[in-house]
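Whenever a hint applies, use it, and build me the whole structure from the sequences.
2 protein chains.
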Amino acid sequence: MYERKILPYLNCGLDLVGEVLYGKWKLRILWFISEGHKRPSELQRKIPDVSRRVLNIQLRELEEHELVKRTIYPVMPPKVEYDLTDFGETLIPVIRTIGLWGDAHEDRLRDVILKQFPDRVAMGG
Amino acid sequence: MYERKILPYLNCGLDLVGEVLYGKWKLRILWFISEGHKRPSELQRKIPDVSRRVLNIQLRELEEHELVKRTIYPVMPPKVEYDLTDFGETLIPVIRTIGLWGDAHEDRLRDVILKQFPDRVAMGG
DNA sequence: CAGCATCCGGAAAGATACTG
DNA sequence: CAGTATCTTTCCGGATGCTG
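Top to bottom, those sequences are chains A and B. Our numbering puts the first sequence at residues 1 to 125. Our numbering puts the second sequence at residues 1 to 125.
Don't read these hints as lab results, they were simulated from the structure. You may find that some hints are simply not true.
Any copy will do: because identical chains look the same in the list, a pair fits if it lies in one copy or spans two.
[Unchecked claim] No farther apart than 30 angstroms at their CA atoms in a straight line, the calculated lysine-lysine pairs in the DSSO-like style are these:
hint, residue 1, residue 2
1, Lys-24, Lys-79
2, Lys-69, Lys-79
3, Lys-115, Lys-24
4, Lys-69, Lys-115
5, Lys-24, Lys-69
6, Lys-79, Lys-115
This one's a predicted model, so the numbers in the text were calculated from it and none came from an experiment.
This is how it looks when you write it as structure tokens:
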């Protein structure tokens with residue numbers, strides 16, 4: 001597990017949110033789990049660009065931040081499911097707001113992001 | 001200027017937002033600028049934990065993403081002001097939503113974040 | 001005051017191989 | 001299927017010093 005550096009700057013809600021949402025895939029992970037409990041393999045299928053290792057790390061962090069909870073079924077083969085906690089549920093409207101803005105401005109966002117990489121391809125991952 | 005790696009995964013609004021908001025201080029920078037145009041030195045006074053170099057870099061990125069615009073006054077000593085663009089303005093309600101959630105859950109957030117660092121101090125930056 | 005150049009430490013994320 | 005351990009790359013963010 002990575003250890004984030006000391007955080008003396010956490011003096012406003014914005015920074016605190018930034019802390020728990022820090023991580024390249026967390027928004028999408030939370031979003032998918034919000035659809036209903038998900039198994040790790042499902043999440044990876046939904047987010048194929050993330051490696052299993054990083055997926056696990058970010059799930060662990062979300063778990064430590066009490067946004068998701070993990071249920072382990074003692075069966076063979078192993079089965080694990082992730083759900084949102086009640087706390088995590090409260091975050092979903094926020095993520096939804098973010099996603100809606102992103103969707104509403106998708107074309108422009110793609111433009112301004114990709115103009116930095118004129119030689120690179122965006123889609124087709 | 002940093003160059004982010006190739007981005008084949010940008011296939012939903014959530015990812016796109018993550019891309020333009022990626023950066024430790026961008027939420028707060030945008031938030032402060034949304035109060036009205038700000039000079040770099042003002043921003044640094046408001047966010048003392050950020051170095052001038054990083055502040056400039058993130059301002060540049062926000063500028064490239066067309067969320068803020070920079071006005072240079074040809075005077076001596078130099079004077080520069082940052083404002084939100086119209087595009088940037090549309091993001092403010094989103095940031096506000098994020099901040100409100102963070103404020104509403106400030107205590108709990110501080111708990112879950114800091115329990116990872118039992119030996120460290122949170123405030124007083 | 002505004003901003004850039006250079007150097008640098010360390011965290012985030014990726015690749016691979018392995019265990020239960 | 002779920003998860004960890006190790007190694008490596010990328011690159012974010014910080015410190016300092018210089019220019020206009």
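For each hint, the structure was consulted:
Taking the shortest Cα distances, Lys-24 and Lys-79 sit within 30 angstroms of each other inside one copy (25 angstroms), while across copies they are farther apart (36 angstroms). In the homo-oligomer, the alpha carbons of Lys-69 and Lys-79 lie at most 30 angstroms apart inside one protomer (14 angstroms), although the nearest pairing across protomers, at 51 angstroms, exceeds that limit. For the homomeric pair Lys-115 and Lys-24, the shortest alpha-carbon distances inside one copy (21 angstroms) and between copies (22 angstroms) are both at most 30 angstroms. Taking identical chains as interchangeable, the C-alpha atoms of Lys-69 and Lys-115 lie at most 30 angstroms apart only when they sit on different chains, with a minimum of 17 angstroms there against 39 angstroms within one chain.
In this assembly of identical chains, the alpha carbons of Lys-24 and Lys-69 lie at most 30 angstroms apart whether taken from the same copy (20 angstroms) or from different copies (26 angstroms). For the identical chains of this complex, Lys-79 and Lys-115 are inter-copy neighbours only, at 28 angstroms across copies versus 43 angstroms inside a copy, given an alpha-carbon limit of 30 angstroms.
Taken one by one, the earlier hints all hold for this structure without exception.
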